[in-house]
Amino acid sequence: MDDQLIIAGKTFNSRLMTGTGKHKTVGDLVASVEKSQTEIITVAIRRLNLDNPNEKTILDELDWDNYQILPNTAGSKTADEAVFTAQLAREVTGSNWIKIEVIPDPKYLLPDPIGTLEAAQKLVKDGFVCLPYMGADPELAKRLEDIGCATVMPLGSPIGSGRGVLTAEEIQIIVEQSSVPVVVDAGLGVPSDASTVMELGADAVSLLNTAIAPGHKSRPNGRSIQARSPSWPKGISSRSYTRNRQGISEQSN
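Note that our numbering has the sequence shown beginning at 1, numbered continuously upward.
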């Protein structure tokens, strides 16, 4: 079985998404990205200085012919702000891919489920390929899928916490019910966390800042995701493996 990741009809060999924050220098960022072997890189559009055309941004530093750029709406507290940011991102990058982030909570940085769904509805209608960051809520995941989102991105634990996978049962339910890729996002602090979510059946992992910068952590994370786990049967998808294991467990009871 082909074990490539497919999102919105586009095929990727890597199941790792990365971000561009927390790197001390551009050189560190480039080295980290190269070592991780990622093919999808998310960029916080609102954090770029777009007012000065003479100032280089991350958009100028990476060879985007080699990567799928995934602008995000980080910094948006409402659905309307997220929609505006997505439209700005499309104008600046030329890409209609968008990672939706609607986060009004300044302390725990938990995503707003109502705002996320509202933004996704508007952006899907506007022709965007939507990858919404969300709490690990199976019902919300189904609703986002039903309105046309290309993936769902449930959190493992709060952003930047590094607490690992605290939502394992919810992620398993989302995987079981979903027919679009499930990308676990946020809270993963060490390479083994990436392996854990793949064993839960996730299709990919997004390691944005804490778990992948500085650069020396990138290669282990890339390996953890590509190799899955020492017992992972070669040639089958994470989703199939998880469901097969569940079936064996049910038959033995």
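If you're looking for bench data, these hints aren't it; they were derived computationally from the structure. Note that this is a predicted model, so its numbers are computed, not measured. By construction, the Cβ of each residue, glycine as well, lies at the ideal position given by its N, Cα and C atoms. Mixed in with the good hints, there may be bad ones.
What the hints assert, rightly or not - Just the calculated beta-carbon pair ranges, DEER-fashion:
| # | residue 1 | residue 2 | range |
| --- | --- | --- | --- |
| 1 | Ser95 | Asn49 | 30 to 40 Å |
| 2 | Asp126 | Ser179 | 41 to 51 Å |
| 3 | Ser192 | Leu109 | 17 to 27 Å |
| 4 | Glu55 | Lys77 | 42 to 52 Å |
| 5 | Asp3 | Val92 | 46 to 56 Å |
| 6 | Asn49 | Asp105 | 21 to 31 Å |
Unchecked claim - When the alpha-carbon atoms are kept at most 20 Å apart in a straight line, the in silico SDA-like pairs for lysine to any residue are as follows:
| # | residue 1 | residue 2 |
| --- | --- | --- |
| 7 | Lys107 | Glu61 |
| 8 | Lys122 | Lys107 |
| 9 | Lys77 | Pro106 |
| 10 | Lys125 | Gln87 |
| 11 | Lys56 | Pro106 |
| 12 | Lys56 | Val92 |
| 13 | Lys142 | Ser161 |
Structure-based check of each hint:
no., hint, verdict
1, Ser95 / Asn49: 30 to 40 Å, "violated (19 Å)"
2, Asp126 / Ser179: 41 to 51 Å, "violated (23 Å)"
3, Ser192 / Leu109: 17 to 27 Å, "holds (23 Å)"
4, Glu55 / Lys77: 42 to 52 Å, "violated (26 Å)"
5, Asp3 / Val92: 46 to 56 Å, "violated (33 Å)"
6, Asn49 / Asp105: 21 to 31 Å, "holds (26 Å)"
7, Lys107 / Glu61, "violated (32 Å)"
8, Lys122 / Lys107, "violated (27 Å)"
9, Lys77 / Pro106, "holds (9 Å)"
10, Lys125 / Gln87, "holds (12 Å)"
11, Lys56 / Pro106, "violated (29 Å)"
12, Lys56 / Val92, "holds (13 Å)"
13, Lys142 / Ser161, "violated (26 Å)"
Taken one by one, the earlier hints fail for this structure at numbers 1, 2, 4, 5, 7, 8, 11, 13, listed in ascending order.
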